[in-house]
Amino acid sequence: MKCKFSLFLFLLLLSGLCTLTAQSLEELGTGRIVIKEIIDIGEAGLGAMSVSWSANGQQLLFDKKQDTAYYGLYSYDLTNKKLSLLADTNLTDGRQVNSASPNMSKDGKYTLFAAQRRHTAHYSRSGPGYGLHNDVWMMNNDSERTFRLVDVVISMSNPRGSLYPYFSNDGSKLLWTAVLGQARSGSVLGRRDIFIADLNLRGRRPAAKNVLELNIGKQNDFCECYGFTPDDKQILLAANLEERQPWYGADLYLYNLNDKTLIKLTDVSGVFTRFASMSPKGEKIVWSSSMGLTQPYLGVGGSLWEKYLSSELWLMNKDGSEKRRLTFFNQRASRHFTGVRSVVGMSAWHPEGEKIAVVLLKEGRNYELESSLLILELADAYTNRLR
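When we follow our numbering, the leftmost residue of the sequence shown carries the number 2, and every step to the right adds one.
For the record, the hints were derived by calculation from the structure and aren't laboratory data. Hints should not be assumed to be uniformly reliable.
Here are the simulated lysine to aspartate or glutamate pairs, DMTMM-like style, with alpha carbons at most 25 angstroms apart [unchecked claim]:
| hint | residue 1 | residue 2 |
| --- | --- | --- |
| 1 | 110 | 355 |
| 2 | 319 | 145 |
| 3 | 324 | 233 |
| 4 | 66 | 136 |
| 5 | 265 | 244 |
| 6 | 319 | 381 |
| 7 | 261 | 355 |
| 8 | 107 | 28 |
| 9 | 174 | 145 |
| 10 | 282 | 323 |
| 11 | 83 | 355 |
| 12 | 219 | 194 |
| 13 | 37 | 94 |
| 14 | 282 | 307 |
| 15 | 107 | 94 |
| 16 | 282 | 199 |
| 17 | 37 | 199 |
| 18 | 37 | 244 |
| 19 | 66 | 171 |
| 20 | 282 | 364 |
| 21 | 110 | 94 |
| 22 | 261 | 232 |
| 23 | 107 | 378 |
| 24 | 261 | 214 |
| 25 | 319 | 355 |
| 26 | 324 | 369 |
| 27 | 107 | 145 |
Just so we're clear, the structure is a prediction, and the values are computed from it rather than from any experiment.
Please model the complete structure; the sequences and the hints are all you need to start from.
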């Protein structure tokens, strides 16, 4: 009888391990989370610069140039492996102006994005990641009607802009990074801050109300938002808040929207830290870091970062503990090795938490970066041993 009971307990435990859900990966220590498989979506992802998931997790949303002069918005169906324009509009098809950084609401009804003013189409650094002369827009996904939510003041001598818009999880607020003009530090990314607003869906046209600038840090130089925590009480961001700290040596923080306090998550000087994303339950954070890699001089204001920087994807707990490297794209002996200098760009967790979509930039001709879209399938190292 005792033997049978022991066998029953063993089988029950084995069953529990085998049916470990993807969501429970968030509860594990970072040392147990590994990349089981890396999937490149191929030609569809070439040229992508930012990425997110649809509300149901069945499509990737991203910006790219597809036989056009400018970046447009696209979706990629993972089941049918089909690339499609996100909407058939002049604002988002990449033929007249840049549009970037699509982000869908949790209910799947709306998509936020940044789009360039048409009469500034000739202006440089107006695409993804730079956002000059970009306003924040929202699209009704059913009707494909678009609405401007944030109207940027246009100045050719001291250009402003918008990038990386996010919905709060309850859909009541907007969050975005604003370019406020040229930086005193000479930063190639401009002087930045983060803005938050209430989203008013009543009436004929949606609108951003009660717009608030967060005034992150005394340097008033670089910061960049990466979305809300699951409870919508904090936001994840990168910023160079220390004196003489360059933007390419910024740190990651959680900013409390109630008491306006900052929790520092990374603290290593001289290391590139950017492009973070939070897991669905908020227990884990991944980000791009040059830690452990040679970081050469990146030019005045970091203007040469695209030509010389290398980085990998790192993982940590929500409080900044248990930091560890997930990818090894720049390491020769690794199965991840790309053969060329590589930079991890934007990333996004799948809604169920078992995958991470990543923009990978690899060095091409003349040191220029060429991007592709990868899906990293995660696993528990204890129950999914790699060969």
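Would the hint linking residue 37 and residue 94 be met if the CA-CA limit is 25 angstroms? Violated, at roughly 35 angstroms.
Taking only the CA atoms, is the gap from residue 282 to residue 307 under or equal to 25 angstroms? Distance ~33 angstroms between residue 282 and residue 307 Cα, so the pair is violated.
Need the status of pair residue 261, residue 232: alpha-carbon distance at most 25 angstroms? holds (16 angstroms)
Proposed proximity, residue 355 with residue 319 (alpha carbon, max 25 angstroms): holds (17 angstroms)
Does the structure keep residue 174 and residue 145 at a Cα separation of 25 angstroms or less? Since the Cα atoms of residue 174 and residue 145 sit roughly 21 angstroms apart, the hinted pair holds (cutoff 25 angstroms).
Decide if the proposed pair is consistent with the structure: residue 37 and residue 199, CA atoms, cutoff 25 angstroms inclusive. Roughly 40 angstroms between the alpha carbons, so the hint for residue 37 and residue 199 is violated.
Between residue 37 and residue 244, does the CA-CA distance stay at or below 25 angstroms? violated (41 angstroms)
For residue 66 and residue 136, compute the direct alpha-carbon distance and say whether it is at most 25 angstroms. holds (19 angstroms)
Are residue 324 and residue 369 close enough, with their CA atoms no more than 25 angstroms apart? violated (30 angstroms)
Residue 282 paired with residue 199 [C-alpha distance capped at 25 angstroms]: Since the Cα atoms of residue 282 and residue 199 sit roughly 23 angstroms apart, the hinted pair holds (cutoff 25 angstroms).
Assess, step by step, whether the Cα of residue 107 is no farther than 25 angstroms from the Cα of residue 378, and give holds or violated. Cα-Cα ~22 angstroms, so holds.
Below or equal to 25 angstroms on CA atoms is what counts here, so check residue 261 against residue 214. holds (12 angstroms)
Checked against the numbered hints listed earlier, the structure breaks hints 2, 7, 13, 14, 17, 18, 19, 20, 26; every other hint is satisfied.
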